[in-house]
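Build the full structure now, drawing on both the sequences and the hints.
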Amino acid sequence: MNLADRDGFIWQDGQMVDWREAKIHVLTHTLHYSMGVFEGVRAYETPNGTAIFRLQDHTKLPFDQATLEQAQIDVVRENKLASCYLRPIIFIGSEKLGIAATDNTIHATVAAWSWGAYLGDEAMAKGIRVKTSSFTHHHPNVTMCKAKASGNYTLSILAHQEVAHSGYDEAMLMDPQGYVCQGSGENVFLVKDGVLHTPDIAGGALDGITRQTIITIAKDMGIEVVERRITRDEFYIGDEAFFTGTAAEVTPIREYDDREIGSGARGPITEKIQKAFFDAVQGKDPKYAHWLTYVK
Numbered sequence: 003m004n005l006a007d008r009d010g011f012i013w014q015d016g017q018m019v020d021w022r023e024a025k026i027h028v029l030t031h032t033l034h035y036s037m038g039v040f041e042g043v044r045a046y047e048t049p050n051g052t053a054i055f056r057l058q059d060h061t062k063l064p065f066d067q068a069t070l071e072q073a074q075i076d077v078v079r080e081n082k083l084a085s086c087y088l089r090p091i092i093f094i095g096s097e098k099l100g101i102a103a104t105d106n107t108i109h110a111t112v113a114a115w116s117w118g119a120y121l122g123d124e125a126m127a128k129g130i131r132v133k134t135s136s137f138t139h140h141h142p143n144v145t146m147c148k149a150k151a152s153g154n155y156t157l158s159i160l161a162h163q164e165v166a167h168s169g170y171d172e173a174m175l176m177d178p179q180g181y182v183c184q185g186s187g188e189n190v191f192l193v194k195d196g197v198l199h200t201p202d203i204a205g206g207a208l209d210g211i212t213r214q215t216i217i218t219i220a221k222d223m224g225i226e227v228v229e230r231r232i233t234r235d236e237f238y239i240g241d242e243a244f245f246t247g248t249a250a251e252v253t254p255i256r257e258y259d260d261r262e263i264g265s266g267a268r269g270p271i272t273e274k275i276q277k278a279f280f281d282a283v284q285g286k287d288p289k290y291a292h293w294l295t296y297v298k
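Residue numbers (my numbering): 3 to 298.
Quick caveat, the hints were computed from the structure, so don't treat them as lab data.
It is possible that some hints are incorrect.
Unchecked claim - Straight-line alpha carbon distances no greater than 20 angstroms define the calculated EDC-like cross-link-like pairs of lysine to aspartate or glutamate that follow:
#, residue 1, residue 2
1, K150, D241
2, K221, D202
3, K62, D76
4, K62, E41
5, K274, D287
6, K194, D259
7, K194, E164
8, K221, D235
9, K148, D209
10, K194, D241
11, K277, D202
12, K274, D66
13, K194, D287
14, K62, D209
15, K82, E47
16, K194, E229
17, K25, E47
18, K150, D66
19, K221, D287
20, K286, D260
21, K221, D195
22, K194, D260
23, K62, E47
Put into structure tokens, the structure is as follows:
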């Protein structure tokens with residue numbers, strides 16, 4: 003379905019507008035120079051109604067946080083969505099072009115729509131095939147790697163297209179020093195001898211909220227978590243691996259660089275963590291109820 007042509011409402015600069023009327027000018031600064039920031043958020047259907055997962059954590063921006071939080075709640079409610087993906091974005095207006103423009107208006111919008119498993123329902127159970135991209139992740143001094151900035155994702159698109167063209171489901175990017183960094187749009191975890199490993203964020207990986215969630219859940223389950231530099235061949239001989247992200251949720255990796263990971267299927271620790279994650283986001287585990295903001 004064409005995302006621009008559908009019924010519903012989008013929150014734009016403080017008011018709800020008809021979905022098809024949420025438009026910007028072709029000279030919008032961000033359209034030309036990619037100076038924008040965005041976020042991915044999910045809401046889930048729970049026994050107590052629809053709830054947005056970790057809304058406050060997703061909305062810590064140098065903007066009016068309370069307004070943006072309420073906008074996300076309102077968008078889910080007005081579009082009558084039980085489960086959905088939300089996309090807040092902040093961008094620069096069209097008053098001036100050029101890299102020296104400093105006094106353009108700043109705009110904010112929030113959209114929400116139904117979006118199932120990012121890499122497909124089958125991937126959640128059977129796992130995906132991953133290939134190392136020839137594109138290296140950004141050096142930390144090249145850009146603001148910790149920002150979910152629009153311009154950073156050109157690299158992600160190039161990496162994904164490269165491996166998808168060869169029949170793989172997703173790309174893995176190395177950091178500038180040659181260590182595993184992250185997927186094109188996900189953080190990555192490795193299981194070896196019952197211990198959970200994930201690349202530390204010094205290599206440029208985004209410190210994703212789902213990454214933080216999985217670290218917390220794993221530790222609560224008594225699983226040791228180690229954040230460190232990880233080489234590619236450690237994944238080759240690992241027992242299990244999986245991607246995490248708001249869109250990807252917890253997606254097992256069954257094959258990496260044409261090598262089966264472990265048994266070549268979703269591993270037992272991955273499955274255990276995956277179940278605990280969905281129990282948390284779907285309101286089935288009271289231990290994590292504080293992560294849920296209900297849409298009233």
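Hint by hint, here is what the structure shows:
no.	hint	in the structure
1	K150 to D241	violated, 31 angstroms
2	K221 to D202	holds, 16 angstroms
3	K62 to D76	holds, 18 angstroms
4	K62 to E41	holds, 10 angstroms
5	K274 to D287	holds, 14 angstroms
6	K194 to D259	holds, 18 angstroms
7	K194 to E164	violated, 29 angstroms
8	K221 to D235	violated, 25 angstroms
9	K148 to D209	holds, 7 angstroms
10	K194 to D241	holds, 5 angstroms
11	K277 to D202	violated, 24 angstroms
12	K274 to D66	violated, 38 angstroms
13	K194 to D287	violated, 27 angstroms
14	K62 to D209	holds, 13 angstroms
15	K82 to E47	holds, 12 angstroms
16	K194 to E229	holds, 13 angstroms
17	K25 to E47	violated, 30 angstroms
18	K150 to D66	holds, 18 angstroms
19	K221 to D287	holds, 15 angstroms
20	K286 to D260	violated, 37 angstroms
21	K221 to D195	holds, 16 angstroms
22	K194 to D260	holds, 19 angstroms
23	K62 to E47	violated, 24 angstroms
Of the numbered hints listed earlier, those contradicted by the structure are 1, 7, 8, 11, 12, 13, 17, 20 and 23.
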